[in-house]
Structures are given as C-alpha cells and as structure tokens.
Amino acid sequence: MTPNGWLQIILFFGIILVVTKPLGIYMERVFERKRTFGDRLFGPIERLLYRVIGIDESHEMRWIEYGISMLLFSAMTMLLTYGIERLQAILPWNPQKLVAVAPDLAFNTAASFTTNTNWQSYVPESTMSYLTQALGLTTHNFWSAAVGIALAIAIIRGIARKESSTIGNFWVDLTRATLRVLLPICIVYGLALVSQGVVQNFRPYDTAKVLQPQKVTLIGNDGKQTTQMITEQIIAQGPVASQEAIKMLGTNGGGFFNANSAHPFENPTPLSNFLEMLSIFLIPASLTATLGRMTKSPSHGWAIFAAMSVLFLVGVTTAYWAESQPNPLLHGVDQHVTATQSGGNMEGKEVRFGIANSALFATVTTDASCGAVNAMHDSFMPLGGMVPLVNILLGEVVFGGVGAGLYGVFIMVVLSVFIAGLMVGRTPEYLGKKIEAYDVKMAMLYVLIFPLSILILTAIASTSSTFGLPGLNNLGPHGLSEMLYAYTSSTGNNGSAFAGLSANTHFYNFTLGTAMLIGRFLMIVPMLALAGNLAQKKMVPPSSGTFPVTTPLFTTLLVGVIIIVGALTFFPVLSLGPVLEHLMLHAGRMF
Amino acid sequence: MATASVIQNQNTTPPVITSSGKHRKSLWDSRIVRQALIDAFRKLNPRTMMRNPVMFVVEIGSFITTVLLFRDVTTHQSSFVFDLQITLWLWFTVLFANFAEAMAEGRGKAQADTLRRAKSETTAHRLLPNGESEDVPSVKLRLEDIVIVVAGELIPGDGEVIDGVASVDESAITGESAPVIRESGGDRSAVTGGTKVLSDHLKIRITSNPGETFLDKMIALVEGAERQKTPNEIALNILLCGLTIIFLLAVVTLQPFAIYSHAPQTVFVLVSLLVCLIPTTIGGLLSAIGIAGMDRLVQHNVLAMSGRAVEAAGDVNTLLLDKTGTITLGNRQAADFIAAPGVSNEQLADAAQLSSLPDETPEGRSIVILAKERYGLRGRDLEELDAEFVPFSAITRMSGVNIGKTAIRKGSADAITKFVEERGGAVPKDVRTAVDTIARSGGTPLVVARGSQVMGVVYLKDIVKGGMKERFAQLRAMGIRTIMITGDNPLTAAAIAREAGVDDFLAEAKPKDKMDLIKREQTQGKLVAMTGDGTNDAPALAQADVGVAMNTGTQAAKEAGNMVDLDSNPTKLIEIVEIGKQLLMTRGALTTFSISNDVAKYFAILPAMFAGAFPVLNALNIMHLKTPESAILSAVIFNALIIVALIPLALRGVKYRALGAAVLLQRNLWIYGVGGIIVPFIGIKIIDMIITAIHLV
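The listed protein sequences correspond, in order, to chains A and B.
For what it's worth, this note's numbering labels the leading residue of the first sequence as 1, then goes sequentially.
For what it's worth, this note's numbering labels the leading residue of the second sequence as 592, then goes sequentially.
Careful: at least some of the hints might be erroneous.
[Stated by the list, open to error] Within a straight-line C-alpha distance of at most 20 Å, the following computed EDC-like cross-link-like pairs (lysine to aspartate or glutamate) qualify:
| id | chain 1 | residue 1 | chain 2 | residue 2 |
| --- | --- | --- | --- | --- |
| 1 | B | K787 | B | D754 |
| 2 | B | K1117 | A | E163 |
| 3 | B | K963 | B | D950 |
| 4 | B | K1052 | B | D1027 |
| 5 | B | K1117 | A | E436 |
| 6 | B | K963 | B | E937 |
| 7 | A | K538 | A | E163 |
| 8 | A | K538 | B | E1112 |
| 9 | A | K296 | A | E32 |
| 10 | B | K1110 | A | E163 |
| 11 | A | K538 | B | D1107 |
| 12 | B | K996 | B | E979 |
| 13 | B | K794 | B | E744 |
| 14 | B | K820 | A | E436 |
| 15 | B | K996 | B | D977 |
| 16 | B | K787 | B | D760 |
| 17 | B | K794 | B | E735 |
| 18 | B | K1052 | B | E954 |
| 19 | A | K162 | B | E1112 |
| 20 | B | K794 | B | E723 |
| 21 | B | K1052 | B | D927 |
[What the hints assert, rightly or not] Simulated coverage check for chain A against chain B, where a stretch passes if three residues somewhere in it have a Cβ under 8 Å from a Cβ of chain B:
| id | region |
| --- | --- |
| 22 | 412-424 |
| 23 | 431-441 |
| 24 | 444-453 |
| 25 | 459-465 |
| 26 | 538-547 |
| 27 | 563-574 |
| 28 | 579-588 |
If you are wondering where the hints come from, they were derived from the structure by calculation, not from laboratory data.
Heads up, the beta-carbon is just placed ideally off N, CA and C, and yes, glycines get one too.
Using the sequences provided together with the hints, build the complete structure.
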C-alpha cells in the first residue's frame, strides 16, 4: 500500500461526497416535478412523448399498477432485445457478418441487460453486431437504469407520503429519469471519454500485422492439437464511448469488448478509469440525498450515506491490503514496492491502473451492481477476491445499483428500525410510519429470495457432474468460489464475472438468466408492496421515545444489520470457498 | 364529580405507587415448577408445537435424529454415543422452551386461582316480577336479573346497584381491605361479583351472563388460554420464521458444498448446526414473555381485556390525566392568609377559623388547620359561643357562622362583595388586588368578612401530589406528552400545569372537549391513553387507545375501557405504560441476543465440521475447542441451556428505565447485542472444558 494509492482512494471518496448533495437535490426536483433548468428543453419533448404514447401525466398509480407497468415494460424490451439478437444476421450494421445469437445465449443476454445485470456469457466483439450492441444492449443500459431510478423514487414516495394510496406514475418517472438525469450526464461524460481515447465509430474491424509472429497451439473439439502461426491481429472497433458512458453511469457494466474496462478502447487512461469509477457511484450516492430531501429528513439521507461509506471503506481497505501482499508461494521473487514496480499481486491487473486503482475499481463495481471490471477478480488473492464477492452477497447496498441500491438498503433500514423499535419498547416506526406485520413479511420475503436463488442454484451446479462441474476451470475451493460468484453476481444483478467459469453452456445460460430475473423482478414485487403499504399509513410525529434514524447510532445499527444478514447466511459457503482457499494458500496450496 | 372524588380518595391507596405487587410469588415456586415440568412434555404434541414455528423445526430435527439413532444401533455406528447425546440435547432444547412457556402459564394460573377463589359459588336471591324472591345458585343468573344482597353476603355477579347504599369489601379482587361505598345512581353504582356486602343491603341488576363476567375474562387471559398474538408479536414471529427459513436454506445447501469439497456431513451434525443457528432462544421464550407481561399487569392489580391493549400502552404518545385526584390531591387547601388593610393576619385567621369550624368540607378543615399551625388558634366550642352555622349553598355561594348579631362569612369575591355592600361596607382595593393575584397564580381566593368589614383573603391552593413532577419528566424522556384535564378556568389550569410540570392542559373541559381532544390527537397518528370512572367518561374511554377504567367507576366506564385498575389509582397509567414498553423491550432484547449468539456458534461448529477434511480450517477454531465432537456438542448444549438461563429474564422482563430512545437503544445494544456475541464464546468454551473433562466425548 502506498501513499499515492491512498490519495487516489481518498480523492475518489471526497468527490463522491461533494457531488451527492447537488445531484440529489436536482433529482428530487426532477421527480417532484419542480422547476429545473432543463424545463424549456425537456418539457416539450416529454409532452410530445406522452401524447404519442398516450400517457396521462397527472395519473397517479397504486403500487400494483406501478409494478405491472414496470414488469410489462421490462418484458417488452427484453423480447425486443431477444428478437434483435436472433435476427442480427439479416439486420443492418453488421459489417463483420456475425451470425444469429444462439437461443440460450440470446435469452441469457436479454435477461442480463433487462435486469441491469449485464452478465456476458459471450465475447461481444465476435458475437454481437453493431446494431445489437447499440439498439439491443445500449438502450437497455438506459432503460434498466431508468427503471431502477424510477423504482427508488417510488419507494421514497412510499416513505414520504402519508395516507396516500399511490406512489407516482411509472411512465413519467421512467421518461424523466432517462431524459433529465441519464442522457444529459451521458452526453458530457461520453465526450470526456472520447477525449481520453475511447473509440466511437461504425467501422469494420482493423487488421494489424504483429511485430513478432507467434506460434500458438490449439486444442480442437476432437482433442487434436494443431499448431498455428499468428502473424495478424484483428482490432475490434465500434461505437464504444456512447455505450461506455451509460454502462458505468447506469451501473450496467456490460462491456463493449470482452476485456471490459481493462480494454484500452474502453478505458484507456488513469483519468478515464477515475471518471468511470466516479460515474458508478454518482447516482446511487446522490439518491441518498434525494431520499433525505423527499422525506424532509436530510440527515436521514446522510445517515444512510454514512453507513454505505463505512462498508465501502472497509471493503476497499481490505481489497487494497490483500492485493498489496506478496504471494507467499512466489519464493525468491522480489514483490516489494519500489519506484519501478508496484509490488504485491499484479496478476490479472493492467499496469496502467496498478494495484490501488484495481482494488478500488473492484470494490466500487461490486458495491454498486455495476459489474464492469478493469482487472480479473479471479486472479485476486483469496481475501482480495472475497471483497467483491462479499459486497454482492451483502445485497449490493453499499451505494448499490442505480435505484436498486437504495431500495435494497431501504429493506435493511426497515429491519434495523424494527429491531431497534422493539429494543426501545415501542411499536417500531420508520420516519413516523409504524412498521407492522405486513411490512416485516414483505421485507423478509425480499431478504429470503436472494439467498434462495444463490444457494440453491450454486448447490445444484456444484453437485451436477454433467452440467455444473464441467464449466469449472479450477478445482477445490476456488472452483466453488467461481460458481458461487457466478450465481451471486447474476442474482445480485451485478454482472461481473470471477472468470474461470465457462458459462456459455445451456445449463449456465439458463440458470444464470433465471437467477437474474429472480434477483430483479421477484425481489421488486415485495419491495413495491412494502412501499405501497407504507404510503397508506398515518404519520406519527416523532418524539423522544422514537428511535431516531438520523444519528451515528442508527448508522452503526444499519451497518450491523447489513453485515449480520449477509454474513450469517453466507458464512458457511464462504468458509468452504475463499476462506478455505486463503488458509490453504498460506499452507502452500494453490488452485 | 367534586364530591365523588372526595370520597374516592378516602378509599384508594396512596397516590405514589410502589411497584411491589400484592400477589407477587417467588419465581421458582415448587408447585408451579412441578406442573410446568409435566406440561413441558405434554406440549411436545406437534399440533401444539406448530403454533411456534421455530421450535417446531427443532422438534422435527430431533425426531429425524431419533429415527437415525435407531439405524445407528442396528448398524453399530461408532459415533453412537455422540449421536445419542446430540439427540438428547436437541430434545432438551424443545423441552426447555416448552418449560419456559409452561412456567409463565403456571404463574398466570396461580394468579387466576387467587382470583377464582373469589368466584366461589354463592346463592343469589333473585327478585321475581311479583316482588318475591327465590334462591338460585349464582351460576344460574342471567343478564338483567335483579338480585337482593344483604349484609354479610357475597355479591353473586357483576352488576349495577339500582337501589340502596352499602359498604362493600372488595379486598378479594383489589387486595385493599378498606371497604368502599356502593350506591345506586352516580359514579359508584358498579359492583363486582365475589365481593362482600358489609352493611345494609343492595338491589343489583346483573350486567353479565355467567362465564362472561369481568373475572372470567381475566382468568382466561391470565391463564393464556385465550391469549391471541399481539400485533408486534405477529410481526416478530414473521421475522423469526424468515430467519429460520434462511438458516434452513444455508444448512441444507451446505451439504452439496460439503460433498463438492469431499467432506460430507452426517445428519446429526447438520441438524445441530441448524438448531444452533435458528433463533431458538427468542423462539423458545416468546410466548412466555407475552404471558408474563399480562401476569405483571395483574400483579399491579390491573386487568387488561386483551394483550393488544398492553402493547398499545407501550406505544402511547399522549396521556390524558384528570387534574383532580390524579395530579392534585382531591381538594384545595388553605395556603396563606392575606389580611385587608388595618386588619392583622391573626384577626383574619381568627375570623376564617370561626367561619370554618363547623364546616366539614376539606377546604374548611384545611383553614382550621392552617390557623392552628400559623397562629396557634385552637378549636373553640361553638355552642359555648352560641354560634349558628350557615352552610354553603349554591345561591349564596358563601358559608359561615352567626355569633349573636355578628355574621362571619367566607366565600367567592363576588358573593362577599355583595354581602358587605348590602351592609354598607366596601371591599378595599388591596383586597381586590390580592384576589386577582391569587386567581392568576392558579389558586382560589376565599374572601372573609365580619359583618360589613372585609377581613382579608384566604389563599386556597390545589396541592400537587408529591413526586408528580419527576414522573412527568420521566414520561417526557420516554417521549410521552401529558395533558391535564380540568374544569378550572384557563388561568388556574395554566398555573397548576406549570407547577405539576405537565406538557399541556385542557381547561374548562366538558366531556365532549375530552373526546375531541382524543380524536384530534389520533388524527395526528398518536396513541392516546386516559383514565376515567364516570359514565360520562365512557365514550372517551372507548375512543382512547388505552382506556383504563377505575374499579370504583360505573359499569359503563368499565365496559368502555380496555383495562380496569382494581386499585382505582389514576396514576397507575404510568406504570401500565412502562409494563407495555418492558414487554416489547424484552422481546427485542432477546431477539438481538439470539441472533448475536450465532457468530460464536459458527466459530464452534464450522471448523469442527470441516477441519477433518481441511486441517487448515482449524484456524477458525478460535475457542480452541478440544475435538470436533466436543465443539458441536458444546454448541448444542449451550444453545439448550441458554433458554433455561434466560427464563427468569423472560418472566421478569428486562429492566426498564425512563430514558430517551437513543440512550435506551445504545444500552440494550451493548448488553444484548455485544453481550450476545461474547457470552456464547465463553459459555461454549466452559461447556467444552467440562464435557471433555468428564469424557462425555
């Protein structure tokens, strides 16, 4: 660990801290339909859109209608993407003449992008045409992010409103989130990325002569070895910058290239890397301020922000520390930090980012449900690799995905308040709303679905010698981590891969796709029901007998509940995966 | 109301309440324990167990291991001794939880038995329509029957006096030996079955059918037979069920991961892990806590009509308290003599005392006492003075004596002004000022005149009960607002409110105002508690979230409220609130404790499970438990014993302090959260040392 590394981490957090309030206030104004600076530009566009699609802007929805609208929208766009993938061979903008995407992969990818997961079981540059990338995938990057923001806003309304049966209008929220929040930022941000060297074109792939021809031995499907002399390299191109911007800002994470943000065309410089990390946390962090504003309790927003910050800093410190450690099995190799080398574990990391920025990126991308990577998590040290895994297992509530992080933490807040309320001898209240049996039921349902999907699917994969195990590239505890990570990443709608798992099989495509749909839509239903129920409640004015949700004590409790809920559920499997691997590594065994 | 409250005060316990209940028993009463041990086995019936999902899971687990144990025997498993011990301790876990519940019920039953003794069958003289009476057993009485009860007999059922006045011994239900007056009409017409008429006779209209009396309802509640889960209990149960399912999932899926890792586990070990992880501590004690809460209330001589009401008491935001009898002593007392110009204080005191000597009202007596204290004026024989007493009347609004030709009067400023002006006198300016000052400061000015001369003013003051200010401060710390209800004018009310330290007051209150106030608070989402005794309180009692009726009150009031205070002590509302809070806190504290315990159990069991296959995992065995078997067994034993260890806490409730929510939470988080993490580490280690020392494993 170096002072320079720490400085960058602190600078990163400092900037997030500074932008949270202004952007949070802006979003509050956008969704409360107050006057904002873009009214004269966006107003007419929105009205035109509403007229064309037939939306009554003033219509207010109950939670069920809101939920059904959201599900219908997601289902339609998922179908659209599936269709484009399957038909890409006969559609335009396909200079590489790529064939139609296989049904299982097309399902997996459509589910992946609809659910804001952006798990990629494929190599994009050799699978998806430009049209598929732009129309099928990039659009989803906007929509799934906008859906997340809309849901978060609906939840906040549920908390803030009293004796109201409605929580807003999904279509209006969706439109406003896209037009007034995501698009403007993306345009500026995309241009900034281009300035750093991120490409943006529709050209066919370039071919370059390699300076030093290489001999490569390939093993074919029949097991025969063939040797090939490589003299040419194909350099993929495409409209990268436009996708890159929303990929990060919308915590999507689906890379234009297989190497994702480690690819020089996606993430060429340390500055672009810094911007990409910032943009992941930008909206999720600001939504805490929006929550504070809309519920008229700004300090509650900050209390949640503080809880998230604690978990973030613990995670990044652990990851940075673990990756800075020398690998104990590399005897006789100098792994110290010097002026000319980074030291520590550089396997699977880009030299232009180094250890601090790789550890930070890995933490940020999994705290949020982004899933973009600039280094291979698979090559992290066992404990370093456990940080991203644990981040996702905690439910991605450390800032979290756009919107998803806020409503995930909302469930944790409800549970914290419930426990706290009982301990101070009152029926638990959250910002004046009584938390009763129905609310606890919905919160527990939400909490239950997550491990249900992860543990059962991982259990199936780890015991099925015909489906699950053949996909493993590593054995022992590392192999378990790979499977666990895959289902955790998909259920958590993260999309980052631990790598090491050959996931483009019927089994993995189908089960992972299902996990993504469960992790997104099955969990949203109880959460919306909870919000709808809260909106109907009376608001009790706070008294000194009410447990305040604005204090450091609340922050501590919230952190405790998040860790306990996550740790108690997943501790057994973690102890057989990364913990065991860490211990065995130090006993001299590697996988 | 004013006269009623005077008499009430003579019959109630002192206003400051001691928390020592009258029916308190020792925690481990041997009879209760014996019965509870038997009941613990009886409750193993799956249909009973199903009502408690967490413990039901443990029972199923115990059943599975028992079946497998038989397989062990037939296949001569080497692990038989270990498996047997695990199985036994799993059953103990279930039994201990059942025992806790049975203990709480047993204590409730003992309470109910005391009450039931009062319910012994009596013979009632039922009045027939023709005016004659027939003797019938009390159980045959129906609603609207009329009975006659004479001195020395027990009242056969709950009812309302429709004729007669009698003193009644209600000690059977209140524990208070002083008899109370019961008479037809007014606010003291209700009688309770099982109480005894000491003098005179009463004609009573029966107001409940057999089995539906007040006492019946209460016995059913205390015994737990009719106990329905309260809202918060249901919510907590959902949380516990959710946690149980999550842990079930974690354990069930652990086997595939173990198989993948080539370290499969036996069912005994897996069930042990499951039982240790699910919240058995709170699951096993939850119903005991609920029953004990009701029981605690009864110990304070309060009967609740439902558990819901007790829970609501903990949530109360606003407390409505009648001024008279609750905040102040029932009557005003003389506090000072302010003489008119040219009159000495002693002269004034003399006149005031003379006018008050025959006056039996508390106000009058307090003047006599003050005169004696201040100026050593002794009582004089009025007959010697040839004095004639003029009692207070609503028309003259004065009272006093006529000694010979001299008329001494005391009364309101208006009345005395009129009195002296009729005799050609006038009220001096200084006296007028004194009258205004007293009125403004919340007192009642009583002007004294001798003939046409105004002697001065007696300052009558409402005396706030001792310790009330501190109690209200405590309530404020708990986040509860107190509102004083009084018929006084706003000026007087404000002064008393300030002195007593209540947060707000409602002056010149009529019953409708009270009702409106409750509704207004409720529309703001607040929960309101109040006490009441009169029939005119009934609508408000029914509207309030927690309505505590005084036992001395009317039947209508008792039926409208959801609690009855047998001691008829309005201040007890504060204790009821504390009991409600304590009930919730005990649940919250034990839930936190239960979940925190899991951390240590993981560190005991997980390395034990997998250290065989992966010796490096012994690094997680931070307690250095001897062997894998001893580690698992210790965790299971700890898990079972902790239930027994916490039974006293569950029955007594966690200590409640009137602190703000934040401070309280911090305290409880330290004790039950952090404590809950640390305690099992120590406990499991000790058990491990013991069982390895005596070679159980």
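Outcome of the hint check:
no.	hint	result
1	B/K787 / B/D754	17 Å, holds
2	B/K1117 / A/E163	14 Å, holds
3	B/K963 / B/D950	15 Å, holds
4	B/K1052 / B/D1027	14 Å, holds
5	B/K1117 / A/E436	16 Å, holds
6	B/K963 / B/E937	11 Å, holds
7	A/K538 / A/E163	5 Å, holds
8	A/K538 / B/E1112	12 Å, holds
9	A/K296 / A/E32	13 Å, holds
10	B/K1110 / A/E163	17 Å, holds
11	A/K538 / B/D1107	19 Å, holds
12	B/K996 / B/E979	10 Å, holds
13	B/K794 / B/E744	13 Å, holds
14	B/K820 / A/E436	13 Å, holds
15	B/K996 / B/D977	11 Å, holds
16	B/K787 / B/D760	5 Å, holds
17	B/K794 / B/E735	12 Å, holds
18	B/K1052 / B/E954	9 Å, holds
19	A/K162 / B/E1112	16 Å, holds
20	B/K794 / B/E723	13 Å, holds
21	B/K1052 / B/D927	9 Å, holds
22	412-424	holds (count 8)
23	431-441	holds (count 7)
24	444-453	holds (count 6)
25	459-465	holds (count 4)
26	538-547	holds (count 9)
27	563-574	holds (count 7)
28	579-588	holds (count 6)
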